[in-house]
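Participant: Using my numbering, read the sequence shown as starting at 420 and increasing by one per residue.
Because the hints were derived from the structure by calculation, they are not lab data. This one's a predicted model, so the numbers in the text were calculated from it and none came from an experiment. Each residue gets a CB set at the ideal place from its N, CA and C atoms; glycine is no exception. Each hint should be verified, as a subset may be incorrect.
Straight line, CA to CA, 25 Å or less: simulated DSS-like cross-link-like pairs of lysine-lysine [unchecked claim]:
id	residue 1	residue 2
1	K531	K572
2	K531	K481
3	K572	K481
4	K599	K644
Between beta-carbon pairs, the in silico distance windows are [said to hold, decoys possible]:
id	residue 1	residue 2	range
5	A612	G690	16 to 22 Å
6	Q624	G439	40 to 46 Å
7	D507	L645	48 to 54 Å
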Amino acid sequence: MNTKKTEVQPVLHYYSIADGVVAFSSTRYGGISEGNYAAFNVNHYCGDQLAHIVENRRLLCKVLDIDESHLIYPHQTHHTEVRVVDSDLLSLSSEERLRQLEGVDAVVTDLKGVCIAVSTADCIPVLLYDEAHHAVAAIHAGWRGTVARIVEKTVATMQRVYQTNPDQLKAVIGPGICLKNFEVGDEVYEAFAYASFPMNEIAQQFPTTNEVQSEIVNGKLSNRKLRWHIDLPACNRLQLVHVGVKNENIHMSDICTYDHVDTFISARRLGINSGRILTGIMLNS
């Protein structure tokens with residue numbers, strides 16, 4: 420009896436950023452992971468089985484039609500380190516490459532046929548494309564990275580390395596948690612305020628879900644305790660605009676991972692031991 424699993428290719432959510440550029444976010448469809456990792460996950464740091472990660476990676480590279488060594492994504496730590504993916508990095512041993520990608524939250528490249536990507540599960544993935552200089556970027560913007568303006572720092576790196584002109588950049592802000600579902604403590608609100616974000620534009624107060632339910636059960640409709648919510652996609656869009664990216668060149672996916680956990684991974688819904696979305700970009704020509 421043949422017990423070999425049927426090969427199931429990953430189902431990707433593609434973005435039409437430009438001709439000759441492949442840009443995507445992975446979904447929960449395709450692949451072979453199980454449970455809260457189902458079915459597609461290539462992140463090594465969230466508890467999934469190594470055999471599943473290896474096979475999912477192989478399947479993704481088959482879809483992208485690239486060698487597995489040309490799929491590059493870092494081990495993110497919610498900081499602002501940006502790594503240039505060049506021929507020198509590609510020539511490193513797998514062990515040294517891992518060291519170079521440790522603690523990195525954004526990657527940039529101008530190499531054709533190399534897919535750079537970041538992992539998220541409620542944080543905001545941002546993709547950039549510089550058509551004039553044929554360079555791309557993939558950015559992981561959690562709330563800490565957003566406060567520290569990782570998007571702006573990545574654009575600055577592209578300006579330095581590739582002579583990128585921000586007003587010629589095209590950008591995608593991929594699936595992530597939305598305003599109504601991203602409840603934060605006062606310390607997070609204060610961190611954004613201290614970093615000079617326009618709080619009237621990116622923050623709102625809502626009653627906490629549990630407290631609202633409790634008051635409704637008890638027949639009360641007043642004195643509901645309010646909690647701050649932050650609009651992470653908007654925060655990153657504002658950074659792009661601030662550095663000179665044109666509004667019309669910014670594509671907002673408007674996909675909330677928390678609301679669409681059936682299709683995209685949400686750590687707030689599934690827990691930290693769950694899969695991760697991979698959002699990547701690659702120059703084909």
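Participant: Each hint should be assessed against the structure and marked as holding or not.
Facilitator: Each hint tested on the structure:
With a C-alpha separation of about 23 Å, the suggested pair K531 and K572 falls inside the 25 Å cut-off, and the hint holds. As the CA atoms of K531 and K481 are separated by approximately 16 Å, the hinted pair is consistent with the 25 Å bound. Straight-line distance between C-alpha atoms of K572 and K481 comes to about 32 Å, which puts the hinted pair past the 25 Å bound. For the given pair, K599 sits about 15 Å from K644 by alpha-carbon distance, which is consistent with the 25 Å threshold.
At roughly 30 Å, the beta-carbon separation of A612 and G690 lies outside the given 16 to 22 Å, and the hint is violated. In this structure the hint that Q624 and G439 lie 40 to 46 Å apart at CB holds, the actual value being about 45 Å. Taking 48 to 54 Å as the suggested C-beta distance range, the pair D507 and L645 conforms, at roughly 52 Å.
Consistency with the previously given hints fails for numbers 3, 5, ordered from lowest to highest.
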